[in-house]
Amino acid sequence: PQITLDRGTAFERRRYDEAENLVRRIERAQAGNEAVRMILDEESCHFDRLSGNHLGIVERLNPWIQRYPLSKYDTLTDEEILFAVRWVYATYLAAMATAGRYAEAEVGIEEFLNRVPFEDSPGMVVDMNFWLAWTLHRQGRYDEAVVQYEIGLQLDGSDSPDIVLPDYFTKTGIPKGLTTNRKTFVHYYRNALAALGGWEAGR
Numbered sequence: 017p018q019i020t021l022d023r024g025t026a027f028e029r030r031r032y033d034e035a036e037n038l039v040r041r042i043e044r045a046q047a048g049n050e051a052v053r054m055i056l057d058e059e060s061c062h063f064d065r066l067s068g069n070h071l072g073i074v075e076r077l078n079p080w081i082q083r084y085p086l087s088k089y090d091t092l093t094d095e096e097i098l099f100a101v102r103w104v105y106a107t108y109l110a111a112m113a114t115a116g117r118y119a120e121a122e123v124g125i126e127e128f129l130n131r132v133p134f135e136d137s138p139g140m141v142v143d144m145n146f147w148l149a150w151t152l153h154r155q156g157r158y159d160e161a162v163v164q165y166e167i168g169l170q171l172d173g174s175d176s177p178d179i180v181l182p183d184y185f186t187k188t189g190i191p192k193g194l195t196t197n198r199k200t201f202v203h204y205y206r207n208a209l210a211a212l213g214g215w216e217a218g219r
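Residue numbers (the numbering used here): 17 to 219.
Think of the hints as simulated: they come from the structure by calculation, not from any bench. By construction, the Cβ of each residue, glycine as well, lies at the ideal position given by its N, Cα and C atoms. Do not rely on the hints blindly, as some may be mistaken.
Said to hold, decoys possible - Each pair of labels, with its calculated beta carbon distance range:
no.	residue 1	residue 2	range
1	Val163	Asp94	31 to 39 Å
2	Ala211	Asp90	34 to 42 Å
3	Thr25	Val123	29 to 37 Å
Generate coordinates for the entire structure from the input sequences, incorporating the hints supplied.
Set out below in structure tokens:
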């Protein structure tokens, strides 16, 4: 049967626009636009994430990591490339941490935080602080984790309007926070405090 889209309804307009946008992005990727190709690869990791295949994400994104090392981040001038590089690294490093490759994730996240200015993507920098804290936490380094959680939470309370996050973060709608996963952030922070015997302080 032939299906026609009625763009007279908000739902169909949105669906049509999304399909049109995807087609345009694929056309740009086929034409060799590396920023679009990176983002499409990052978005395709969603299915690996749902199935728990975190090392699959690492493998899929590794060619981009090799092509765009963070040591060259400050030499990049194309805004689309910069945006895509940040997304690829954020997804890659989070997957590496989740897969239990803590030492590698820690080194990579620290480099990300050292290379990517807060102003470039406040929300992403906050989330990388969270992932660094979580990685330390999982290694039993609770005192270091608490410090890192606090850094992230303080940054999250800044006045920046930037709220760009992958769709797999918990959406809690915390006011005045950059990230929509702040509830999870606080949960792990409290757990780290409890491990240090600081939960009774009510923090």
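Hints, verified against the model:
| no. | hint | verdict |
| --- | --- | --- |
| 1 | Val163 - Asp94: 31 to 39 Å | 35 Å, holds |
| 2 | Ala211 - Asp90: 34 to 42 Å | 37 Å, holds |
| 3 | Thr25 - Val123: 29 to 37 Å | 50 Å, violated |
Violated hints amount to a single one, hint 3; each of the other numbered hints is respected by the structure.
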